[in-house]
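Here the protein sequences come in this chain order: S and G. Residues 120 to 365 in my numbering are what the first sequence lists, from first letter to last. Residues 120 to 365 in my numbering are what the second sequence lists, from first letter to last.
Worth flagging that the hints you see were computed from the coordinates, not collected in a lab. Just so you know, not all the hints are guaranteed correct.
When chains are identical, the list treats them as one kind, so a pair holds in a single copy or across two.
Below are the BS3-like pairs computed for lysine-lysine, each with C-alpha atoms no more than 27 Å apart in a straight line [unchecked claim]:
(1) K254 - K157
(2) K124 - K254
(3) K282 - K124
(4) K143 - K247
(5) K285 - K333
Number of protein chains: 2
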Amino acid sequence: MRNYKFIISYDGTRFYGWERQPGKDMTIQGKLEEVLKKMTGTTDINLIGAGRTDAGVHARAMTANCVLDTNMTESEIQEYMNRYLPDDISVNEVRICADRFHARYNAIGKTYRYTCWYGASKPVFDRKYVTVLEKKPDVDEMQKASEYLIGTHDFKSFCGNTKMKKSTVRCVDNIKIEESGNYIRFYFHGNGFLQNMVRILTGTLLEVGYGNIKADDMKDILEACDRQRSGPTARPEGLCMMKVDY
Amino acid sequence: MRNYKFIISYDGTRFYGWERQPGKDMTIQGKLEEVLKKMTGTTDINLIGAGRTDAGVHARAMTANCVLDTNMTESEIQEYMNRYLPDDISVNEVRICADRFHARYNAIGKTYRYTCWYGASKPVFDRKYVTVLEKKPDVDEMQKASEYLIGTHDFKSFCGNTKMKKSTVRCVDNIKIEESGNYIRFYFHGNGFLQNMVRILTGTLLEVGYGNIKADDMKDILEACDRQRSGPTARPEGLCMMKVDY
C-alpha cells in the first residue's frame with residue numbers, strides 16, 4: 120500500500136465537475152476512480168483532489184493523491200490510466216509520494232486562469248475554453264478594481280454558497296489581467312478559493328470593465344460581505360485550474 | 120451585384136469536408152451557402168472555395184468568393200454570417216473584391232500544416248487538431264526525405280484519386296518540419312495539392328521517421344508514379360489549411 124500523487128489535465132466540457140456524485144456518471148473524480156478500481160481489482164479507492172472544480176471548468180494541472188495496492192511502476196500506472204480514460208482526461212504524472220501527503224490539506228496555493236475573447240470573428244479552435252464577450256471591457260479599470268481584492272479578506276461577497284458556515288476568509292496575493300490579441304486573460308493566485316469565487320470575481324471585474332460598477336466601489340462590495348452586492352458568476356468554460364502549490 | 124471575398128476558419132471535425140454534397144447537410148460550403156441564401160433571400164448562391172478540404176480537415180484561413188446582391192456593408196455581412204453560422208465556422212473577413220476575382224483559379228500558392236503529437240500524457244485541449252503518434256519518429260530522417268519532394272514533380276504517387284485524368288504535376292517549394300515540446304509540425308507550401316496529397320506526403324514521411332522507408336527511397340517512390348509505393352494517408356484531424364496566396 121503506497122500513496123501516489125497524480126497531475127491531471129481535463130477538458131471539463133462534458134463533465135458535472137470534479138466531485139464524484141451519486142447517480143452522475145460524468146465526473147472527473149468518478150472516471151479516475153473507475154479506472155483505478157479496474158486497475159487494482161478493488162472497490163476501495165478514494166482519490167483526493169486538491170480542489171473541486173465546477174461543472175464545465177477545466178484543469179491543466181489538478182493534483183490528486185490516492186493510496187493504491189499495486190505492483191505496477193509509476194509509468195505503467197500512467198500508461199494504464201491514459202489507455203482507459205476518455206480523451207478529455209489525461210494523467211500527466213504519477214509519483215510515489217510520502218504517506219502523509221494529502222492533495223487537499225497540503226495545498227498552500229492555487230493558480231486559476233479565466234480566458235475571455237471578443238471580436239468580430241469567432242474563436243473556432245478554442246471555443247470550449249474561452250468565454251466570448253459581446254464587447255471589449257476596459258482593462259485598466261478592471262486592473263484598478265482588482266487591486267482592492269489583493270490581500271487577506273473575508274470574501275463572503277464572492278462566495279457562491281450563501282449558507283457557507285466555515286470561514287470565508289482567504290488570501291489572494293496576485294491578480295494579473297493580460298491582453299493579447301482578442302484575448303483577455305485573468306490570473307488569480309491565492310491560498311484557496313471559495314465555491315464559484317474565481318467566477319464571481321471575474322464576473323464582477325467584467326462589470327467594472329463595462330462601466331456598470333466603478334473600480335472604487337470594489338472596496339465597499341468586499342466589505343459588505345453580501346453576495347447580492349457583487350457581479351454575476353462568469354460562465355464556467357473560460358475557467359481553468361492551472362497549478363497547485365505545496 | 121458585387122463580388123465578395125471571404126476569409127473563413129473552421130473546425131472540420133463534425134463536417135464531411137468543404138464541398139457541398141447532395142443529401143449531406145454537414146459540409147462547410149453547404150452551411151455557408153445556407154446562411155448567404157437566408158441573408159439575401161435568394162437561392163442562387165454559388166460560393167467558390169480556394170480548395171476542397173477533406174472530411175475532418177480544418178482551416179484557419181480558407182479563402183472563398185461569391186457574387187451577392189445586397190445593400191449590407193462588409194461588416195454587417197460578417198456579423199450576420201457569424202450570428203447564424205455554427206460555433207465551429209467563423210467568417211474572419213469580408214471584402215468587396217474585383218469582379219474577376221476567383222478564389223480557386225486565382226490561387227497561386229497554399230500553405231498546409233500537419234500537426235502530430237506523441238508522449239506519455241494526452242493532448243486534452245487540442246485533441247481534435249492533432250494526430251497522436253504511438254512513438255516519436257526520427258525528424259532528421261524525415262527532413263532528409265522531404266528534400267526529394269521539393270520542386271516541380273509528377274506527384275501521382277501521392278494522389279488519393281488513382282483515376283485522376285488531369286495533370287498530377289505540382290510544384291512544392293517548401294517543406295518544413297518543426298519540433299516543439301511533444302509536437303511535430305509539418306508545413307507544406309506549394310502551388311497546389313492533389314486530393315489527399317498532404318496527408319499521403321505526411322503518412323509517407325512518418326514511415327521514414329519510423330524506419331519503415333529509407334529517406335533515400337523517396338526519389339524512387341516519387342518517380343514510380345504509383346500510389347502503391349507511397350505510405351498510408353495520415354488521419355485528417357492533424358491537417359489544417361493555413362493560408363492561400365493570390
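For each hint, the structure was consulted:
Taking CA atoms no more than 27 Å apart as the test, K254 paired with K157 passes between copies only; the shortest distance there is 26 Å, against 48 Å inside one copy. For the identical chains of this complex, K124 and K254 are inter-copy neighbours only, at 25 Å across copies versus 42 Å inside a copy, given an alpha-carbon limit of 27 Å. In this assembly of identical chains, the alpha carbons of K282 and K124 never lie at most 27 Å apart, being 33 Å within a copy and 56 Å across copies at closest. For the identical chains of this complex, K143 and K247 are neighbours both inside a copy (22 Å) and across copies (26 Å), given an alpha-carbon limit of 27 Å.
Taking identical chains as interchangeable, the C-alpha atoms of K285 and K333 are never at most 27 Å apart, the minima being 30 Å within one chain and 66 Å between chains.
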